[in-house]
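Colleague: Take a look at the letters that make up each chain.
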Amino acid sequence: MSDTTATSHVGNQPRPYRRRVPILWWVRRRSYLLFVAREVSSVFVAWFVVFLLLLVRAVLSGEDAYRRFLDWTANPFVLALNVVALLFVLLHAVTWFNLAPQAMVVKVRGRRLPPVLIAAAHFGAWAVVSAVVAWIVLG
Amino acid sequence: MARSITMQVARYRPDREAEPTMQSYDVPLRKDWAILDGLNHIKDELDGTLSYRWSCRMGICGSCGMTVNGEPKLTCATFLTDYAPGPVRVEPLRNFPVVRDLVVDIGDFMAKLSVVQPWIIRKDEETPDGEYLQTPAELEDYKQFSMCINCMLCYSACPIYGLNEHFLGPAAIALAQRYNLDSRDQGSADRMDALSASTGVWDCTYVGECSTACPKNVDPAGAIQRYKLTAATETLKSFLMPRGGR
Ligand code: SF4
Ligand code: FES
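Chains as they are written, first to last, in my numbering: chain F, 1028 to 1166; chain B, 11 to 256.
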């Protein structure tokens, strides 16, 4: 590739060029953006865990503490945070269940079940569990 | 239709410049010409110093992968007319060090391939008299993953690999699965360490771009997610039954 005059590179070794990954690489494509959003969603999942623990603590500490907790959640800032968190958690859940058929290959009598069916089963189970929880909480 | 199209081609001559520059060439815009034909025209008629890799011209050898208008593509299977009126940008595959012009250093991928031992491993001492037989259904289990042509478009599309070159990467994992899922193979335990290491499947956070980029529908992202489930199950098994053999 090089003749004898082209020896400006170190020790006659070729000098490969390494392109740096731009800091904003993830805004370039929708799929990259979605991926970063899903990564960020884990923070909100963690927030909901903390929120749940706070709720349990409030319930355990009696009527007064529970009321104070409810007042605190009615605060616009907390409300907004929870709405955003819910959206991210939904994104997390939906992408997770869409991934399930990729990871699971289920065979029934030697035939591979269509991926849509596996995803549908997961979404179905999610709906049932949510309905049961809603029934317990609201009922 | 216009008679010619401008190709902006990345040039990098390590003896002359510190980083790649773009050079424009006008090439005939013909209906049956792929990007690669345009490059061959440049090389033969306009500028013999241009370097790039290719061989089969029919999507089989996997050596002509480049970045076309920002997307990883096989240049022999991507047509100039799809980019008319142009210009069309041709750059080397992303995420690999550039040796010269459009040629990248594929050493890292080659090393990773051998790590997953992509061949049939048998534990029996003797070779049988005939072939190891296999039913069409058993062939179907791994056939998709055997279509890989080692073109590395998936590595080029993968931001995780771009950020962390230690990641084993899509094609190597898909090829490991090609053998793991082969009924004649007995080597999945041998491949497990490399696959379930932190630089193996767990580095993947499912961007899914590898499967989008793959020209052979190998679906490496699917292969990786499937192995995650396998690895998790194996870990659980060895936890519950510490003495059970793998
Ligand atoms: S998995 Fe697809 S994109 Fe990756 S090397 Fe194989 S054929 Fe190319
Ligand atoms: S030249 Fe062989 S795949 Fe394109």
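FYI, nobody ran anything at the bench for these hints, they're computed from the structure.
The beta-carbon is built from N, C-alpha and C at its ideal position, and this holds for glycine as well.
Among these hints, one or two may not hold up.
Stated by the list, open to error - Each computed EDC-like pair below joins lysine to aspartate or glutamate, with the alpha-carbon atoms no more than 16 Å apart: (1) B:Lys153 to B:Asp92; (2) F:Lys1134 to B:Asp92; (3) B:Lys133 to B:Asp200; (4) B:Lys41 to B:Asp92; (5) F:Lys1134 to B:Asp195; (6) F:Lys1134 to B:Asp151; (7) B:Lys53 to B:Asp36; (8) B:Lys133 to B:Asp92.
What the hints assert, rightly or not - Okay, the calculated beta carbon distance ranges per label pair: (9) B:Met251 to F:Ala1147: 45 to 53 Å; (10) B:Leu149 to F:Asn1125: 43 to 51 Å; (11) B:Thr137 to F:Trp1074: 54 to 62 Å; (12) F:Pro1049 to B:Asp134: 24 to 32 Å; (13) F:Val1143 to B:Ala242: 20 to 28 Å; (14) B:Asp134 to F:Ser1157: 37 to 45 Å.
Colleague: Each hint: holds or not?
Modeller: Structure-based check of all given hints:
A distance of roughly 31 Å separates the Cα atoms of Lys153 of chain B and Asp92 of chain B; the hinted pair therefore is violated under the 16 Å criterion. A threshold of 16 Å between alpha carbons decides the hint, and for Lys1134 of chain F with Asp92 of chain B the separation of about 41 Å lies outside it, so the pair is violated. Note on Lys133 of chain B and Asp200 of chain B: the hinted pairing holds, with a Cα-Cα distance of about 11 Å set against a maximum of 16 Å. Taking the CA atoms of Lys41 of chain B and Asp92 of chain B, the gap is near 9 Å; set against the 16 Å cutoff, the hint holds.
Distance check on the hinted pair: Lys1134 of chain F and Asp195 of chain B sit about 20 Å apart at the alpha-carbon level, beyond 16 Å; violated. Our distance criterion of 16 Å between C-alpha atoms is met by Lys1134 of chain F and Asp151 of chain B, whose separation comes to about 11 Å. Between Lys53 of chain B and Asp36 of chain B the alpha-carbon distance is near 12 Å, which keeps this suggested pair within the 16 Å criterion. Simply put, Lys133 of chain B and Asp92 of chain B have alpha-carbon atoms about 51 Å apart, too far for the 16 Å limit, and the pair is violated.
Between Met251 of chain B and Ala1147 of chain F the Cβ separation comes to about 33 Å, which falls outside the hinted range of 45 to 53 Å. In this structure the hint that Leu149 of chain B and Asn1125 of chain F lie 43 to 51 Å apart at CB is violated, the actual value being about 28 Å. Remark: the range hint 54 to 62 Å for Thr137 of chain B to Trp1074 of chain F is upheld by a beta-carbon distance near 59 Å. A beta carbon spacing of about 52 Å between Pro1049 of chain F and Asp134 of chain B contradicts the range 24 to 32 Å that was offered as a hint.
Taking 20 to 28 Å as the suggested C-beta distance range, the pair Val1143 of chain F and Ala242 of chain B conforms, at roughly 24 Å. In this structure the supplied range 37 to 45 Å is violated for Asp134 of chain B paired with Ser1157 of chain F, their Cβ-Cβ distance being about 51 Å.
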